[in-house]
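*Asks:* Sequence:
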Amino acid sequence: MAQAEKKGGLLRKSSASKKPLKEKVVLMYDEIFTMEDPSKCNPRFWEELFLMKVNLEYLEGKLEALDGEELMKIKDNINCLFQHCIQALGEEHPIRVVNALQTLCALIRGVHQKNKSTSGFDIINMLVGFDKAELCMKNLMESLDSLLCAEGSESLKSLCLKLLLCLVTVTDNISQNTILEYVMINSIFEAILQILSSPLSRREHGYDAVVLLALLVNYRKYESVNPYIVKLSIVDDEATLNGMGLVIAQALSEYNRQYKDKEEEHQSGFLSALTNMVGSMFIADADEKISVQTNEAILLALYEAVHLNRNFITVLAQSHPEMGLMTTPTSPIPTTPVTPLGTTPPSSDVISSAELPLDADVQTSNLLITFLKYSSIVMQDTKDEHRLHSGKLCLIILTCIAEDQYANAFLHDDNMNFRVNLHRMPMRHRKKAADKNLPCRPLVCAVLDLMVEFIVTHMMKEFPMDLYIRCIQIVHKLLCYQKKCRVRLHYTWRELWSALINLLKFLMSNETVLLAKHNIFTLALMVVNLFNMFITYGDTFLPTPSSYDELYYEIIRMHQNFDNLYSMVLRLSTNAGQWKEPASKVTHALVNIRAIINHFNPKIESYAAVNHISQLSEDQVLEVVRSNYDTLTLKLQDGLDQYERYSEQHKEAAFFKELVRSISINVRKNLAFNTLSQELLLKEFSTIS
Numbered sequence: 001m002a003q004a005e006k007k008g009g010l011l012r013k014s015s016a017s018k019k020p021l022k023e024k025v026v027l028m029y030d031e032i033f034t035m036e037d038p039s040k041c042n043p044r045f046w047e048e049l050f051l052m053k054v055n056l057e058y059l060e061g062k063l064e065a066l067d068g069e070e071l072m073k074i075k076d077n078i079n080c081l082f083q084h085c086i087q088a089l090g091e092e093h094p095i096r097v098v099n100a101l102q103t104l105c106a107l108i109r110g111v112h113q114k115n116k117s118t119s120g121f122d123i124i125n126m127l128v129g130f131d132k133a134e135l136c137m138k139n140l141m142e143s144l145d146s147l148l149c150a151e152g153s154e155s156l157k158s159l160c161l162k163l164l165l166c167l168v169t170v171t172d173n174i175s176q177n178t179i180l181e182y183v184m185i186n187s188i189f190e191a192i193l194q195i196l197s198s199p200l201s202r203r204e205h206g207y208d209a210v211v212l213l214a215l216l217v218n219y220r221k222y223e224s225v226n227p228y229i230v231k232l233s234i235v236d237d238e239a240t241l242n243g244m245g246l247v248i249a250q251a252l253s254e255y256n257r258q259y260k261d262k263e264e265e266h267q268s269g270f271l272s273a274l275t276n277m278v279g280s281m282f283i284a285d286a287d288e289k290i291s292v293q294t295n296e297a298i299l300l301a302l303y304e305a306v307h308l309n310r311n312f313i314t315v316l317a318q319s320h321p322e323m324g325l326m327t328t329p330t331s332p333i334p335t336t337p338v339t340p341l342g343t344t345p346p347s348s349d350v351i352s353s354a355e356l357p358l359d360a361d362v363q364t365s366n367l368l369i370t371f372l373k374y375s376s377i378v379m380q381d382t383k384d385e386h387r388l389h390s391g392k393l394c395l396i397i398l399t400c401i402a403e404d405q406y407a408n409a410f411l412h413d414d415n416m417n418f419r420v421n422l423h424r425m426p427m428r429h430r431k432k433a434a435d436k437n438l439p440c441r442p443l444v445c446a447v448l449d450l451m452v453e454f455i456v457t458h459m460m461k462e463f464p465m466d467l468y469i470r471c472i473q474i475v476h477k478l479l480c481y482q483k484k485c486r487v488r489l490h491y492t493w494r495e496l497w498s499a500l501i502n503l504l505k506f507l508m509s510n511e512t513v514l515l516a517k518h519n520i521f522t523l524a525l526m527v528v529n530l531f532n533m534f535i536t537y538g539d540t541f542l543p544t545p546s547s548y549d550e551l552y553y554e555i556i557r558m559h560q561n562f563d564n565l566y567s568m569v570l571r572l573s574t575n576a577g578q579w580k581e582p583a584s585k586v587t588h589a590l591v592n593i594r595a596i597i598n599h600f601n602p603k604i605e606s607y608a609a610v611n612h613i614s615q616l617s618e619d620q621v622l623e624v625v626r627s628n629y630d631t632l633t634l635k636l637q638d639g640l641d642q643y644e645r646y647s648e649q650h651k652e653a654a655f656f657k658e659l660v661r662s663i664s665i666n667v668r669k670n671l672a673f674n675t676l677s678q679e680l681l682l683k684e685f686s687t688i689s
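Following the UniProt record's numbering, the residues of the sequence shown are numbered contiguously, the last one being 689.
One or more hints might be untrue.
As the list claims (entries may be wrong) - Label-pair restraints from in silico Cβ distances:
no., residue 1, residue 2, range
1, ARG557, ASN611, 29 to 35 Å
2, ARG557, GLU511, 35 to 41 Å
3, ASP384, ASP67, 36 to 42 Å
4, LYS138, ASP67, 27 to 33 Å
5, ILE229, ARG557, 15 to 21 Å
What the hints assert, rightly or not - In silico BS3-like pairs for lysine-lysine, Cα to Cα no more than 27 Å straight-line:
no., residue 1, residue 2
6, LYS669, LYS484
7, LYS40, LYS53
8, LYS635, LYS669
9, LYS392, LYS461
10, LYS24, LYS383
11, LYS505, LYS603
12, LYS657, LYS383
Please keep in mind that the hints were generated in silico from the structure rather than gathered at the bench.
For every residue, glycine included, the Cβ atom is placed at its ideal position computed from N, Cα and C.
Full structure from sequences and hints, please.
*Replies:* The structure is reproduced here in structure tokens:
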């Protein structure tokens with residue numbers, strides 16, 4: 001018997017017969033694409049159609065091949081197909097429901113390809129007709145809601161979420177997607193929460209549910225009242241919030257694991273040895289080879305949860321065993337194809353503490369630690385646009401956390417100590433820190449480490465000014481909390497002071513280049529005011545009196561940098577140029593630092609002369625400092641412990657609009673034909689009862 005081959009909707013016998021035979025479903029599609037009602041000749045046409053295996057590629061291709069005018073001629077049949085799809089969603093037979101869902105995906109995507117300004121028709125009118133749009137979309141959303149909430153097939157739920165993601169991302173700019181008005185009116189918010197609160201549903205569909213929610217929250221968020229924003233902001237169910245946190249943690253954990261695997265693979269290779277031999281020559285290339293695509297979609301979900309819902313802050317500190325060290329679940333996990341940026345779902349899900357084996361030898365982790373590790377990776381390389389966006393979003397999330405009173409309480413809690421192994425950029429002048437030597441410390445230490453790491457590693461020509469400003473603001477907000485609550489944090493403050501002084505040195509060394517692009521005085525003022533914060537209030541939050549002495553020692557030791565900065569800002573503030581005002585602010589801010597230098601330097605020189613010592617040791621300088629505090633006069637500076645709170649709408653709207661656009665494009669790409677394949681579905685529904 002001749003074996004039949006299938007290609008593009010055609011069946012071709014491998015015998016001498018040359019005329020290809022079309023699949024029955026393709027012949028039925030062709031009938032829809034005529035101007036006649038296909039049910040005239042065959043009253044059972046629609047009933048039969050949904051028993052046929054969908055040919056997504058053919059149907060979508062056929063729609064895309066028509067121009068706007070041709071499509072308008074068959075509008076009645078397209079409307080009819082759309083309506084019958086919605087009717088089929090209420091059928092008892094799962095095969096019909098599956099075929100209806102897939103047909104809807106093809107219809108929405110195919111018709112949208114024609115929704116260009118030149119064709120001049122509206123996608124809603126084309127799909128359902130204006131007169132029936134409200135009722136049809138209500139029925140569609142109710143059917144999807146029922147399927148998502150029912151205890152039935154997990155495959156059907158998966159397909160429902162894929163259809164919703166298809167619906168949401170059909171336009172690059174989701175706020176221009178008018179179909180979403182019906183998704184706002186007929187909310188599926190409760191269905192999404194139900195998926196996240198149930199361990200089984202979350203494992204199967206948590207990733208898609210979280211990404212869908214993040215996108216829906218961003219629909220016209222600045223122009224109208226978005227019900228998904230309102231509802232997300234008041235969720236207080238612990239199981240739901242923890243479920244959302246676990247999905248996000250697993251996705252970020254997966255990224256961290258992939259990066260670590262690639263890093264280890266790279267380091268064991270020949271290139272690693274060569275890099276060590278010749279210094280930093282190959283470091284940039286090496287980094288490119290171990291880069292892993294970032295996941296902005298899941299990061300956006302984390303941001304919206306942290307930003308909108310105060311209750312979610314508790315989830316950040318919810319302890320669970322280190323995800324990378326967990327045993328593989330015994331139940332089978334559905335495989336997911338490799339997908340593009342911002343869309344890669346995790347390979348599995350951590351379900352709940354009851355399902356996680358607690359082992360005394362396993363390092364305890366939480367969502368915040370996983371996020372900090374993720375941040376330390378993506379913030380290493382800000383030259384890549386996606387990583388720059390990811391790095392910026394990480395800093396925005398940390399800004400929201402640093403402003404939250406409850407978050408600060410657990411960040412600074414001495415009873416919550418963790419080892420946080422942040423990734424550090426390879427640099428010639430420092431050795432790689434040994435992971436095992438990391439101390440257990442309050443989580444705020446890891447946040448400060450991350451900020452110090454960023455400050456030290458990004459002083460370059462393409463200077464990321466915006467990220468530096470955010471970084472310094474985060475440190476400032478943490479210090480404000482410490483000062484307000486008199487938290488004496490045992491941290492290696494010298495590393496921060498040294499990083500800040502080196503940053504000032506970099507700004508001065510590259511004054512001409514940087515001033516052509518940036519107002520460097522905004523950043524310089526923020527850095528100087530951090531020192532002022534330590535000088536004015538350090539005695540209330542530095543761990544010991546000797547820490548305060550060390551602050552003075554560092555200022556005196558590095559006085560040349562502060563002298564040079566003063567000379568630079570004085571020069572520019574006495575000229576009538578554009579930098580006169582911002583430079584003069586830095587001049588005024590330096591008053592106490594200069595007072596310290598001018599007070600102690602003569603005392604130190606006098607001490608050296610009296611004792612005939614050419615170079616004083618640190619202990620000798622500290623002795624001079626301690627014995628001369630009483631004669632030092634400082635000015636009280638106002639507003640050092642005040643800051644402007646984060647506001648998305650006024651300052652970040654353009655960034656989020658572009659970010660959501662990028663995510664929408666990539667989620668749409670991820671909804672490729674292979675992810676909508678029927679093979680598994682047909683196996684599940686092999687019999688129709």
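*Asks:* In ascending order, which of the hints set out earlier in this document are inconsistent with the structure?
*Replies:* 1, 2, 5, 6, 8, 10
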